[in-house]
Amino acid sequence: MTKSVSEQVLKGLMLLSLDGDEAAYRRLLVILRDLLLAFYRRRLGPNADRDAEDLVQEVLLAVHSRRITYDRERPFTAWFFQIAKYKLIDHFRINGSKRGVEIALGDEIAAEFREEALFAHLDVDRLLDRLPAKQRELLRQVKIAGKSTAEAAIESGQSEAMVRVSIHRGMRAIGRKLGFANDEK
Amino acid sequence: MTKNDEFIDALVSDLTPVRHHALRVRLALTIIVGVTGAAVALLISLSFRPHLHHVTVAAFSVKFLYTAVLMSATIVALDRVARPGGAIRSMVLVLVVAFSIVVLLAVAQLTLSPASSYPGLIIGYSAFFCPFLIVAFGIPAFCANMWFLRRAAPTRPALAGFVAGACAGGVGGWVYSWACVENGIPFIAIWYTLGILLSGLVGSLVGKFSLRW
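Residue numbers (UniProt numbering), protein chains in the order written: chain R, 1 to 185; chain F, 1 to 213.
Treat the hints loosely; a few may be bogus.
Claimed, not checked - According to the in silico footprint, chain F covers these stretches of chain R (three or more CB under 8 Å from chain F): (1) 8-19; (2) 28-41; (3) 58-66; (4) 83-97.
Said to hold, decoys possible - Here are a few chain R residues that sit away from chain F, every Cβ distance over 10 Å (derived from the structure): (5) Asn47; (6) Arg130; (7) Lys143; (8) Arg169.
Unchecked claim - Covered stretches of chain F (chain R as the covering partner; in silico rule of three or more C-beta atoms under 8 Å from a C-beta of chain R): (9) 18-26; (10) 148-162.
Note that these hints are calculated values from the structure, not bench results.
The beta-carbon is built from N, C-alpha and C at its ideal position, and this holds for glycine as well.
My request is simple: use the sequences and hints to build the entire structure.
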């Protein structure tokens, strides 16, 4: 669900950018910057903000100077993620961190990356405030504080299934407010 | 963050439209340069190599088609590795099938021929320089391919270099086949393939160090 939403938005912006739309390009770069910053900060740890910011600039520059290599028929996030990963591995290589390279090569990053794509550019609090109090609390705990749905279920006294449904509805409501409704059913 | 904003401003102000299939147009130009370069090399080399031998149609077709297939498959592979995360599994399959067919044809030709003709079919006149001439004919193509890749976004430098080299070998081999004097299909299977592989190995070494970005 989250994957298709962010992919759609980002790809749309990229296609407009390739046609020379500066406003779309600026939006795309700002979203990508926030997304990368969160991504690299998490990967590099709390003491490497400078490194993270350097990496972000390097990736943005690569996106800019290598945009000709994006195939319009293919998913944008996959293309972008490969560049981000390449630059991260390169960073670890330069710093001689073998463990870092192994971490960077892990496939689970890809999944995490997509989820972040949805959150990175949202003013999360403002959006959450418009949700019913119960839903808001659940989203906060699971999607932001990173608790499992099982933990959230115990704390709120609801069944785990109910928690899942509630979070799903909340996410959809947020999607609608952002204008990329994802209401297949 | 303000530093970052300025950075984005700079990128946005530098935005120029990218046409559909812009990368492929660039690749097409690259290949044209490579083939032209190889053709020039062939013309130069002809003045050193007297043309006295009769080439059978079968041998010519196998040479021409085999190298054309290798060249085409590696051109497609070049388009793939030029993009981030590009994989070339399906192209490797094409190459393996093409090689297998030529090996089968070679075995068939050997079984149909008298043993006394084997040296001619396998070693011929030019086994000792054919692979190197294929590499040499491919040099302009190799330079063009590297130029192409250095402006693209290959995320596996050694693999991309190998593809650039093998493609240059394919171009060199194809052009070489226009005027090659050999009649043995085993010759083609061994020495042509060797020349193209050699070119790919050199490419992979060069690529490993020069295709970082």
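Outcome of the hint check:
As drawn, the stretch 8-19 of chain R meets chain F at 3 residues by the rule of a beta-carbon pair under 8 Å; at three or more, the given contact holds. Counting residues of the stretch 28-41 of chain R whose beta-carbon sits less than 8 Å from any beta-carbon of chain F gives 3, enough to reach three: the coverage restraint holds. Counting residues of the stretch 58-66 of chain R whose C-beta sits closer than 8 Å to any C-beta of chain F gives 5, which meets the bar of three, so the coverage hint holds. Remark: the stretch 83-97 of chain R is confirmed as covered by chain F, as 4 of its residues place a Cβ nearer than 8 Å to a Cβ of that chain, reaching the required three.
Interface exclusion of R:Asn47 from chain F stands, the closest Cβ pair being 19 Å apart, more than 10 Å. Distance check on R:Arg130: its Cβ is at least 27 Å (rounded) from any Cβ of chain F, clearing the 10 Å threshold; non-interface status holds. Residue placement check: R:Lys143 keeps its beta carbon more than 10 Å from all beta carbons of chain F (closest about 24 Å). Separation of R:Arg169 from chain F is adequate, the least Cβ-Cβ distance of about 34 Å exceeding the 10 Å criterion.
Counting residues of the stretch 18-26 of chain F whose beta carbon lies closer than 8 Å to any beta carbon of chain R gives 5, which reaches the threshold of three, so the coverage claim holds. Look at the stretch 148-162 of chain F against chain R: 4 of its residues bring a Cβ nearer than 8 Å to a Cβ of that chain, three or more, so the hint holds.
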